[in-house]
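For chain A, the structure is supplied; the task is to place chains B, C and D on it using the hints.
Protein chains in written order, with our numbering: chain A, 1 to 504; chain B, 1 to 341; chain C, 1 to 323; chain D, 1 to 335.
Hints are supplied without guarantee of correctness; some may be wrong.
Under the rule of at most 16 Å between Cα atoms (straight-line distance), these lysine to aspartate or glutamate pairs were calculated in the EDC-like manner [to be verified]: (1) A:K418 <-> A:E443; (2) B:K214 <-> C:E287; (3) A:K73 <-> A:E59; (4) B:K214 <-> C:E43; (5) B:K219 <-> B:D156; (6) A:K186 <-> A:E33; (7) B:K239 <-> C:E287; (8) B:K106 <-> D:D250; (9) B:K111 <-> D:D250; (10) A:K20 <-> A:E60; (11) C:K242 <-> D:D250; (12) B:K106 <-> D:D162; (13) C:K180 <-> A:D115; (14) B:K328 <-> B:E305; (15) B:K339 <-> B:E49; (16) B:K214 <-> C:E150; (17) B:K240 <-> C:E13; (18) B:K309 <-> B:E336; (19) B:K328 <-> B:E49; (20) B:K240 <-> C:E287; (21) B:K328 <-> B:D149; (22) C:K46 <-> B:E49; (23) A:K305 <-> A:D337; (24) A:K363 <-> A:D325; (25) B:K239 <-> C:D28; (26) B:K338 <-> C:E150.
Calculated directly from the structure, the hints in this document are not laboratory data. In this text the structure is predicted, and so the values were computed from the model without any measurement.
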Amino acid sequence: MSEELILELKGITKIFPGVKALNNVCFQLRKGEVHALMGENGAGKSTFIKVITGVFPPEEGQIFLEGKEVKFKGTRDSLAVGIAAVYQHPTTYPDLSVTENIFMGHQIKKGPVMDWKSMHKKAAELLGRLNADFDPHAEMGTLSVAQQQMVEIAKALSTNARIIILDEPTASLTANESKELYRIVKQLRDEGVSLIFISHRMEDMYELADRVTVFRDATYIGTYDVNGITTADLVKAMVGREIKDMYPKPKVEIGDEVLRIDGLCRMGYYKDVSMFARAGEIVGLTGLVGARRTEVMESVCGITKPSAGKVYLNGEELKVKCPKDAMDAGIVLLPEDRHKEGLILTWGLGMNVTLPVQDELAKGRIFNDNKRERELSRDLLESVDTKAVSIFDPASSLSGGNQQKVVVAKSLAQNGTKVIILDEPTKGVDVGAKAEIYAIIGELALKGYAIIMISSEMPEILGMCDRIYVMCNGRVTGCLDIAEADQEKILNLAMLEKGKEAVS
Amino acid sequence: MKKILALVLVAVMAVAIFASCTQSGTGGGVEYALVTKAAGNAYNEKEAEGFKAAMDAQGITSYVIKHPEKATVDAQIQVINSLIAQGVKSIAIAANDANALSATLKSAKAKGIKILTLDSDVAVADRLTFCNQAGVQEVGQALIDAVYDIAGGEGDYAILSATSQATNQNAWIDAMKKIAAADSKYSKLNLVEVAYGDDEPQKSTDQTQALLTKYQNLKVICAPTTVGVAAAAKVLQDKKSSVKLTGLGLPSEMAAYIGDDADHSCPYMFLWNPIDLGKLAAYASIALVKGEIDGTAGGTFKAGETTYKLTTVEGTNASEIILGPPFKFDPSNIAEWKKVY
Amino acid sequence: MKGFLKKITGNHEVSLAIILIVLFIVVDILSGFTFHGINNIGEIFKNNSLTLIMSLGMLCVLLTGGIDISITGVLAFSGMSVGMLMKYNVIKNVPLLFAIAIGIGALCGLLNGFIIAKGKVSPIICTLGAMYIWRGLATVVFNGEWASGENVAAMSEFGNTAGPYIILAAAFVIYFVVMKWTPFGRKVYAIGSNREAARISGINVDRVEIAVYTLMGVLAGLAGALSVSLYGSAQPTMQDGKEMDVIAACVIGGVSMSGGRGTVVGTLLGGIFYAVVYKALPLVGLESIWQNLIKGVIILAVVIINVVSQRLSRRQALARREI
Amino acid sequence: MAGKSGRTISATPNRSFLKTVLSWEGALVVIFIAVLVAGRIMSPSFTLDGVMFMMPQHLCQLFIVFPMAFVLIMGEIDISVGSIACLSATTACLAANAGLPLPLVIIICLATGVACGALNGFVLTKWPELPPMIVTLGTQIIFRGIAEVVIGAGSSLKYDSDNLSPFATYLGPVPIVFIVVIVVAALFMVLLSRTTFGRRLYAIGSNRIAAKYAGIGVNRMRFIVYALAGLMAALCALFLLTQIPAVKSDEFGKGFEMNVIAMCVFGGIATTGGKGNLFGAFIAGMTIVCLRIALGLVNVNDNVITIIIGVLLIVSVLISGISQILARRKLKNKT
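One chain only, chain A, in its complex shape:
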């Protein structure tokens, strides 16, 4: 790694309707370094990447490439000078072949028509370089997320990029797949490519990065050597304040068993899942991505149908045909994807909160009782301390953390709830709001609900739960009491494939 700068941005300001997404931001990238970019959600990282790649031209500021100023009007321009990006959600074409995904936009041509033969050959070469073992003729949609990410990286390489930007590359990868990615990143670095990567995972940064730049609230906070900054200092830089009690778990008297799942199966998804939850208890359900934790809980809530097995509520067998049955019985699910599953973004907060209970509130169960709905939703939203002006504000106008609070309020709307299932409640929520959500979860346990919390984040599982179930590839591989649980044990169980011994 040399001190020579390959890319420098100075005084970048980017304005979107109503907000300054970037405010006078600067950034320096050295030749052959891996540079981490960190910050809370909404700090402006993704926008910054799009400025570098020319998707959004900045309102103010300059970009220098090897000391010379450049202006990008679109991704075409940035690609031409050797800047390529791999985005957070793979931006692939699921209906097209791998080769085509790699070469879209810069196809190899023979005269006016395309030269598929040499493209396939080149694609195979690139994939070989990344140690990927799939056919370039394969349809993109049939690949796993990790494989799709490899294709994206191959695509970046195919443009002979000198600078590659990775936006949250490990977010949806399993531990093994992440390791494979680390290997590729290191390999690229050694080949002289400069990399910028964005990640929420501290371990990614320590594993890979040489330097780290922190953004907060659309402004530049600082650039640090990875070896010269502590985790606490880094978090402080990102959040802007110290967080003392991240996991405010109250002491709760654990009551009787409320929910019991017995031998639940769904063909191709999970098998023989058994677990139970007691009143006032916070049960963690963890595992790697792809362990199908969400799928189990969706079946419990009637979103999908299990092929075998039984669910008991307060000792009685529960027949759930549709989500409404589960809700009437007292099981509430807070889904993982707020935008897709949890909220109607164009609607006001109030209507979102009362949507599941509008029938119960309605006059004669037919005519909407707007007054009762408004009062109930206001009370609930206030009780979870939502930062909003009016219940008529559209859900899309709130930040991620506050949207999550609306989803929580929604789940509290109905009477007779016994079990609350939270699926990744803090995913995409920034550090400050996380603590608030943990506090709410603690309060819910205190009120005597049985709580099941699906989470991939080890600290949150260890900090909040009373008992922890671990799943791997559709099976429950173990149940740990909080007293005996630690990160290593959980990881071992999470990677415990069927018929294999625990890897220690």
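Here is chains B, C and D on its own, set in the frame of chain A:
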């Protein structure tokens, strides 16, 4: 912002409405109306031309000719309703369907509007009289004789009609069948199928092709409809088929196909003069409004130089006015007539 | 053998082709071996050339995730323009008339594309409005006249030559090459498959979309002129409602309504499938009155079978998955 | 019951008269009045009696506007309604011609419509991955095809009885069908804007998956709405039979689906779902009806009306697109 755009929209609409208003420019009261089967059809245009000519000749300006948007009853009812609302005194109509107009015509009758039909009739109770372009018997005779002559006295022939519900086509076809059954002269002629092209060029083309594929021994196709005959003529001539064609067609549309040699698909065909039919309808309308006739058989009125008499439709007590026998168009006179209509 | 079977059932085009061949043979036998004649096959192509040609444009439109229901309105307007130019002896030159029809179509399509891409109007609404406009103009501008017989004799003669076949073949060859081997064709697929990704990878989505609708217009205009020459007449109501046939041909041929999936070969097979059935019904003794009913059943059956087979293969994949 | 921070949230709606007037529906009312005024100026026959006399034929389509609005609000489309009307009218004719009493005829007609709609609903809920456009295109051809087989190509089936005439009468100057349309409109408006049913429709159209997670039986709702569309198409057919007492398989109700969709969209209902209301659709429908009547009375070619509707349709949708773009620009300039 939305407000301004909405106002712009209102303005655009107002302009559009007034622009179209000035374009039509029918001021004053309307008394006489002609409703044809549809816009576009050349035959209908000729009827309208005759109607207009007769009205102009009588010095009447308070008339309107309406071509429905499409050859559907829906479009025709819409047009008739707007005429009723305008308070016309008479409506002459070439019906697209014998049944479907009855409700509308009854409400017109209730408002004292004189209803007469031309070209295609409706149920006799719904109108006062019918301007019949040719006596059913005469047309049937002419067509079956043409088939006999062209086929050389024997062999398979097919009929390509308009729709299976078209009143006059059905009457002519029935007459053809009756005449053929009654006289042993026609016993060697064999009617293989009556196909329906719905008076659409395309469907008529498809039907003609289907006839040719299905019946290898076909000798003659008889198409008693102007749209069908033109479509069939093109198919046969393009294919240089040995099958020949006759029927009822417009000279201007059929001129290219009429000829006695192998290069032409139609040796000869028939039609009456639609211009004259339009004129007849106009004079009959005037006579009805003036009270010279009341729609009962036996009444007479003058149409220009000729005097027409209302005759009884067979089997009913309703009346009709017959224009005259069909006229034969052959290579000797087609060049002259194709300029006329 | 199993692999072979899988290949057949797994690929929409291949299975459609096989069904088509079987159908063809059955019909040929039933009709006493009159069906395979060159004339008959030629007629099938000729009678359906309008649907086939427009289905190419519709393929591209559907690939981008859009739809165009204004095509027959455009067809009528361009066809009427040609017919009237001939009727009033303005232009008699057939190639020039074709060029004019194509030009008119292109303008109509360009307008659609512009409104859809730049005005962010949903394609079905924009083209619904356009359908009303062009169909209406076809009557109003030309005063509701028809042109037929001698008026359009020159066009009509062209319709009787090999011309239509050549146009049809050329259109399919050009589209096959463009869609498979040129960057433009692949961009169309890319947009339908993932619009956001296409934008990010530097594809000018708006421009491609405008081009796609313009091409649709070009083909509709071409079909207008072709219609005049094939049927020897031009009237404002020509081909009314046939846009649904074109969409149906694409869907039967395996083109996805949500974009990204579909091929030129599939479209051709879809168009012919429809045509063969249509042509075959009267030959096997089913009255023509049943044609429409059967047509609807085919459309529904094809899409349902597609979904069922997709579900089945997904189930099989799930059952194979080891847990 | 404020939270820890003591922050309070307002629950009072922010309504203003000005906002209502300046909404799209407000603009539509202005356009509607403009059409009435223009009609009065252009034609002496454009009187209350004249308009009411011509209205029944056009009004029938309005029955389908309401359920179509429901379908569109769900983010779907049903292009089979015209064919359903045709098939229902066919069964009504068969029933009446067989001498069945009027109530039975009506039941048979409406049952046919519901059955057709239910078939759409069944296919679409059994295989939810099918696009509604294609399924209803298929059934569109099938329903009309059945009618064609029953009636015969190009022929017409006569409704051979006078028993429908009570439906064609007038109450004072107002035709019965107009009153029924108003009543139906009111029922549908209440259903959409005041009931849990309507709320569910908007939820499905705005975010289908979230609706499912909130316990809404999405497929059940879809089934009901498609069946409802069938029912209303049959009602439309019944009233249309009083105007056109004969059914032709290739004409009856043809093109209704597109006319009705145009009315809905002109009325501010987005085809992408979740947006719009019935008042807008109703006013838009009435505007188009009155426009047709007015232009028909001054003997303007019907195709001119078609063109105007086409332009209105595109312009009305363009306006919302453009105003969004403009609003975004304005915001940008502010910051």
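#### Entry: Which numbered hints fail
Violated hints (numbers, rising): 7, 8, 9, 14, 16, 17, 18, 19, 20, 22, 23, 24, 25; every other hint is consistent with the structure.
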